[in-house]
Amino acid sequence: MSLPSPDHHPSTAPSRRPRAFPGSGLAKGLAVTLRTMTRKSVTAQYPDAQPDLPPRTRGVIGLFEENCTVCMLCARECPDWCIYIDSHKETVPPAAPGGRERSRNVLDRFAIDFALCMYCGICIEVCPFDALFWSPEFEYAETDIRELTHERDKLREWMWTVPEPPALDPAAEEPKEIAAAQKAADKLAAQQAAAAAAPPPADNAADTTGEET
Amino acid sequence: MTLAAASHGFLSPTGVEIAFVLVGIATLGAALQTVTSRQLVHAALWLVVALGGVAVEYLLLTAEFIAWVQVLIYVGSVVVLLLFGLMLTKAPIGPSPDADSGNRWAALTVAGASAAALVWVVVDAFRATWIDLDGTVQGSAEVSGRSLFRFWVLPFEALSVLLLAALVGAIVLSRRGGDAKGAAETSAPAAGEERH
Amino acid sequence: MSDTLALVLRLLAVFVVFLVFPLVIGQTEHKVMAHMQGRLGPMYAGGFHGWAQLVADGVKFAQKEDVVPNGADRRIFQLAPAVALLPYLLVMVAVPVGPHNAVGQALDAGVFFVLAVMGVGVLGSLMAGWASANKFSLLGGLRTAAQLLAYELPMLLAAASVAMAAGTLSLPGILDAFHWWWVPWQLIGGVVFFTAGLAELQRPPFDMPVADSEIIFGAYTEYTGLRFALFLLAEYAGIVVLSALTAVLFLGGWHGPFGADGLGWLWTLVKTVALCFVVIWLRVTYPRLREDQLQKLAWTVLIPLALAQIALTGVIKVVIS
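Residue numbers (our numbering), protein chains in the order written: chain A, 1 to 213; chain B, 1 to 196; chain C, 1 to 321.
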């Protein structure tokens, strides 16, 4: 017989947890399942009850076409080339008489093929004019894959489902725009305060203004 | 059975007797199928039918206990073991080409001879015995248990010793491989080589 | 004539129970399992909490094509579901539900009858496993056979202990001899019987023969439609039978703290349903045992426990007589 030698076992024994009453683990397992049964289950019955989706949900991409300048950044950045954009140029007459004629891009077609789209959101990230938005809308399944290419009118409709941006966390940093505006306002206020405090001591005032500019 | 029945009026059989004969014929047919079938698993399943038929015969003779033990041991365990063994082999679905051996005539002779001997012994021993199906039940668990532990204790114990010996033998056989290896390693490497 | 009529009525009642109870247990399993996992389970079929889910499933099964694989052993393949299902119907005939002969058919050696016939049911799985011409089915059949051989013995020994205590093999006879203190006395035997019965039914955590992560669905892999449904029905009928038998043998069947005569059948029912719940509960709670663990549990734990129970029964039986 080539059984493992008995002195092999004690080395593994200390690493084991001290054994409780035999079967207590089994009983604990039973208790867990029984307790779960008495609790209310968390299932949301979707078709009957609409899911409460967070505002940043990546459901579908909406197009705010008034903002679109046909810069094509989104189409070029799209990793799987699912955005189709057609446009033409129009010439706009000069705003003031004698001025120069301007040309501008007019959007003819903007379509996203959601059968290809992988919901990475890069197009939304790169859009410099805030023309693309995430919407939590998700019920747009079709019976034919070709019908998943949605045109600009449909994308524009989805804009109405885009929720307001969520409020910031209480401890979050201020948005950059507000921070910049605040900084500018603070500077202005400091300048005015300095200007108001300046007149009485004339020689000191010249020094401070010189440093400031 | 027919001989015993003859003394009690062979020409007007009761319903139980008719059923007994019919089940007997069916059992015999199933048994013949078992030995002649060329599909191994079919043979095993026909054996189930044959053994079940025997159990029904016991029931008809009011030996209820024996009948259920027959089902439990033979249909429930022995045939399952048989099927288990068959599944471990390469028994194909469909006829096995090597199901027949050249000894079939010898086997038939032996089977016929032993069947004749058994029938002769049983008929000779129980010629005048008559099971009264309408009276008290003679094959109930109580009756069987009493006769087993009162009149047949010695054979019963001898059988259990035999089974114990078989059990020990099975353990020894199943452990032999490890033993041989150990022996070969320690004492006789040459013998070990041969065995491998 | 009235005797025949009574017998026919009894058998009809057993048949109705046989058709209804497994469905009820199946539905209970859907819901209990779901809630134990924090889900809801079926909610739509039939309107109220999906009560008709199994009816819908049955309709679905009936609509499916009855496929027999090309290489299969046709007749055995088609016969197997019936062999798996019918024994449980036969067993149900012998299970007493109340005092005063409230049983489909009282049998002298009832314990042996039920155990013998339950063992035959496994033959269906073996036939299915072999006849499917599929390696997964064959593996499932092998595991079924190995499991049956291992667990039949402790089950028999545990049942024998009760029969010893009562001094009879008849199920109503055992119940007539029952006293409340038999429950603690035969507790070990009861646990062994129930566990071995679960293994024989191939219920989780002893569902190695149908382990879907390894061998798809074991012996039933190739089955579709109604034949597959029959196998499922056999499993749930088996749960009912096992629970009823455990209730009768170890929990005193129709005996209860009160309402001995009129409500006997209710006690049997309550105990059976409670045990069915335990079967489901165990399925949800425990992971599947590995094949070697399965065999080890049977041969090194259950059989010694059953033998110890028999010894205990014998000692106490001698002491009190």
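Hints were generated in silico from the structure; no laboratory data involved. One or more of the hints may lead you astray.
[Stated by the list, open to error] List time: in silico DSS-like cross-link candidates among lysine-lysine, alpha-carbon distance up to 30 Å: (1) B:LYS90 <-> C:LYS31; (2) C:LYS64 <-> A:LYS28; (3) C:LYS31 <-> A:LYS40; (4) A:LYS28 <-> A:LYS40; (5) C:LYS31 <-> C:LYS64; (6) C:LYS31 <-> C:LYS135; (7) C:LYS135 <-> B:LYS90; (8) C:LYS135 <-> A:LYS28; (9) A:LYS176 <-> A:LYS187.
[Stated by the list, open to error] Partial list, computed: chain A residues near chain C (C-beta under 10 Å): (10) ARG39; (11) GLN45; (12) ILE85; (13) SER87; (14) THR91; (15) VAL92; (16) ALA196.
[As the list claims (entries may be wrong)] Calculated Cβ distances over 10 Å to all of chain C for the following chain B residues: (17) THR14; (18) ILE25; (19) THR34; (20) GLY53; (21) VAL75; (22) ASP98; (23) ARG176.
Backbone N, C-alpha and C define an ideal beta-carbon position, used for all residues, glycine too.
query = Can you list which hints this structure breaks, lowest number first?
reply = Result: hints 1, 2, 6, 8, 12, 13, 14, 15, 16, 21 break, sorted rising.
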